[in-house]
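Start from chain A and add chain B according to the hints.
Protein chains in written order, with my numbering: chain A, 1 to 255; chain B, 1 to 273.
All clues stand as given, with none of them false.
With a straight-line Cα cutoff of 30 Å, these simulated DSBU-like cross-link-like pairs (lysine-lysine) come out:
1. A:Lys233 - B:Lys117
2. B:Lys79 - A:Lys224
3. A:Lys233 - B:Lys120
4. A:Lys224 - B:Lys117
5. A:Lys243 - B:Lys117
6. A:Lys233 - B:Lys79
Chain B is faced by these chain A residues, among others (derived, beta-carbon under 7 Å):
7. Glu208
8. Phe211
9. Tyr212
10. Arg216
11. Leu218
12. Leu226
13. Ile227
14. Gly230
Restraint-style ranges between C-beta atoms, simulated for each label pair:
15. B:Lys130 - A:Asp145: 43 to 49 Å
16. A:Lys188 - B:Glu251: 54 to 60 Å
17. A:Ile4 - B:Asn106: 42 to 48 Å
18. B:Asp184 - A:Asp180: 50 to 56 Å
19. B:Asn8 - A:Glu89: 52 to 58 Å
20. B:Glu91 - A:Asp180: 26 to 32 Å
Think of the hints as simulated: they come from the structure by calculation, not from any bench.
Quick caveat: nothing in here was measured; it's all calculated off a predicted structure.
No residue lacks a Cβ here, since even glycine has one placed at the ideal position from N, Cα and C.
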Amino acid sequence: MSKIVLENKLDLDFTTLEKEMSFELSENKEAWLYITNLNNDNIVNFELASNAILHLSIFAKEPIKNLKLMANLKENSQIIVYFADFAKESNTGEVSINLNGIGATADWHLASLASDKDNKNISVSVYHNVPQTFAKVDNYGVVKDDSKLVFAGTSHILKGSIKSKTHQNAKIMVFDSNSDAIAKPILKIDENDIEASHAAAVGKISDEHLFYLTSRGLNMEDAKMLITLGYLKPIFNGFDEDKVEYINETMGGRL
Amino acid sequence: MAILKIKNLHVAVDGKEILKGVNVEISEGETVALLGPNGHGKSTLLNVIMGHPRYQITEGSIYLDDVDITNYSTDERAKAGLFLALQTPPEVPGVINSDFLRAAVNSRRENHLSTYKFYKLLDSAIKEVKMPFDLATRSLNEGFSGGEKKRNEILQLILLEPKIAMLDEIDSGLDVDAMQIVADVIRKEKEKGRGFLVISHYARLFDLIQPTRAIVMINGRIVLDGGIDLIKRIDQHGYEFIKTELGINIEKEEPNMNSVSIGSCAVREVTKK
Numbered sequence: 001m002s003k004i005v006l007e008n009k010l011d012l013d014f015t016t017l018e019k020e021m022s023f024e025l026s027e028n029k030e031a032w033l034y035i036t037n038l039n040n041d042n043i044v045n046f047e048l049a050s051n052a053i054l055h056l057s058i059f060a061k062e063p064i065k066n067l068k069l070m071a072n073l074k075e076n077s078q079i080i081v082y083f084a085d086f087a088k089e090s091n092t093g094e095v096s097i098n099l100n101g102i103g104a105t106a107d108w109h110l111a112s113l114a115s116d117k118d119n120k121n122i123s124v125s126v127y128h129n130v131p132q133t134f135a136k137v138d139n140y141g142v143v144k145d146d147s148k149l150v151f152a153g154t155s156h157i158l159k160g161s162i163k164s165k166t167h168q169n170a171k172i173m174v175f176d177s178n179s180d181a182i183a184k185p186i187l188k189i190d191e192n193d194i195e196a197s198h199a200a201a202v203g204k205i206s207d208e209h210l211f212y213l214t215s216r217g218l219n220m221e222d223a224k225m226l227i228t229l230g231y232l233k234p235i236f237n238g239f240d241e242d243k244v245e246y247i248n249e250t251m252g253g254r255l
Numbered sequence: 001m002a003i004l005k006i007k008n009l010h011v012a013v014d015g016k017e018i019l020k021g022v023n024v025e026i027s028e029g030e031t032v033a034l035l036g037p038n039g040h041g042k043s044t045l046l047n048v049i050m051g052h053p054r055y056q057i058t059e060g061s062i063y064l065d066d067v068d069i070t071n072y073s074t075d076e077r078a079k080a081g082l083f084l085a086l087q088t089p090p091e092v093p094g095v096i097n098s099d100f101l102r103a104a105v106n107s108r109r110e111n112h113l114s115t116y117k118f119y120k121l122l123d124s125a126i127k128e129v130k131m132p133f134d135l136a137t138r139s140l141n142e143g144f145s146g147g148e149k150k151r152n153e154i155l156q157l158i159l160l161e162p163k164i165a166m167l168d169e170i171d172s173g174l175d176v177d178a179m180q181i182v183a184d185v186i187r188k189e190k191e192k193g194r195g196f197l198v199i200s201h202y203a204r205l206f207d208l209i210q211p212t213r214a215i216v217m218i219n220g221r222i223v224l225d226g227g228i229d230l231i232k233r234i235d236q237h238g239y240e241f242i243k244t245e246l247g248i249n250i251e252k253e254e255p256n257m258n259s260v261s262i263g264s265c266a267v268r269e270v271t272k273k
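Isolated chain B (complex conformation):
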């Protein structure tokens, strides 16, 4: 059984420490809800596990099936069985969605799928996420609605069959029907034994996919690891109990944007240096 183990993970961006010693384990077949206020490191954790080059691991290790993958490149992690559905999938002009999907599917196969077999596989997956087939023939995510982008992420999850799938706010931008479709796919994939690490701010998604446990990240650390009753409690009462019961001060999210006037009729947001 595949196990993703994160041991004492410290991560910095541009010299600023974001993750301050994260320890967590996710087994194949488990669905873990990752909760926490904005700006406390949830998306950072998922991106670091996937090997995003923007983040520097300053201490700690990531293991998949007892193999240390801390120094693996992003594509090596994907081939090892990790998958990350992005919160905001990028639009890549000119790259045809089906060409990309085929290259991704073939990247982990010694013998590449024939065109016929690939399109059969694609057609079946597209039907599962109830996505119009023409989205496969357009530029990758370009001009897709928010919901279509998220369905395209789930389509990739089906095609790539990872051991552990990480979903970063997969429910944002989804209407009620699309949420149901995505949840149905996640449930089916769970039954196949895949592990899930899922970020969401809404209990609705968790009600539909029924996680096996919930963890809470505050100030760049996992401060709670428990049952799914945590989800309901946070949904109803927020994170204040963490402070009163655990004595952990919840750091406020630092604004990293600065408003700069560029004239009398417009204000532009720029990154603070």
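The shape of chain A in the complex, shown without the other chains:
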């Protein structure tokens, strides 16, 4: 496994890297990492020292199988992740974030699009291993054609992790009758003095929203496109302007 010590800002194309990579961020450092072209069987590990802040933006365009992302956070460190998953074909990803130091925080955002015959299964789990750790997981998805999209994952507050807060939100918009979507955010709570919530929603585009947009002259396809883009576009907040245009084109092409 190769190791990279992160400094400031780094753009990485994974096609040029080994399958297994480890990234480290030293104490009191803040860094921005943009990753693209993840590939099959990538295992990526992040180690954040005390008070480190990592802004991680991932754009998946090519097929990914068996992706494993792991992060270990020490006290008062933060990881802020924006994952734009517009990869084609089958796709499985497993994310584990370990909050190992008091004050460690994870802020996770995923936008995933499944179309054609995609079969995507993305699991995001957060482990609150010590007191006063904080996590927010937002997974948004769109599923169309004959594809399937599953959002899974567990937010686990372990015994002794008092004053921790964890929130999970999984929403999938279903386009077609042959599409299949499952959202199952799970909470495992072994402590009392904590705050936790989870929400899941799977459904088609609101008929009232479509009526409203079409009543202004947009045809059905354009109305659906506008609503869908609106659903996925908040992920762009995690990317630089020069990347957004490219990601937007890819997303538009897949819709």
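Frame of chain A, contents of chain B only:
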């Protein structure tokens, strides 16, 4: 001159007949007040004219400029010149208001407006409805107050320039100042020759926009079509005279909700199946 003609319109929802033979005509330049008790089909009529898929037309036709648009899709009706300001405009998360407005404006143009020209148009319309510009950059109606939603509807009316505009309780949720602004816009649009079909329960709006005639819908039919003195009479005395003078029994609105206890501390309203 554009004319909207509704001929013997029968409409059902989930097998229940709501409109039972509606006949009405509205010409460009006319402002028609649509009155009637709650639950007698006024909003249904407006939604059906706009092509809401929830309603099934079982008999009758809708014509615009002598073209039968009964089977037109909703967007085709909009492009043909119809507009409906909704009673409760929905909140559409993620869809930026200005993106939506631009798509709507361009949907009826062969040559799309440039960004500059669109924002100039938008800026002018926003000033007319005295709406903060930042509402154009937020998600469509999301977090808007009731009054802001209604102003956003009127903003769309200005931008889309329909032949016939239908306003469903545009005055609900408006304070006195906002009502004046909305009325000013309607008056200006009337002068441009637009036709209006306006639902309201309050004479105040009609005083401000001065309709040319009033129609009254009872039991899914238009039972009166006359001058604007009808508005004053109904505002002062209600609908009882319809029963005494015309011999029409006003059906009571059927409650479609059923109270169900879900515990000792809460009661939830659920739709009756």
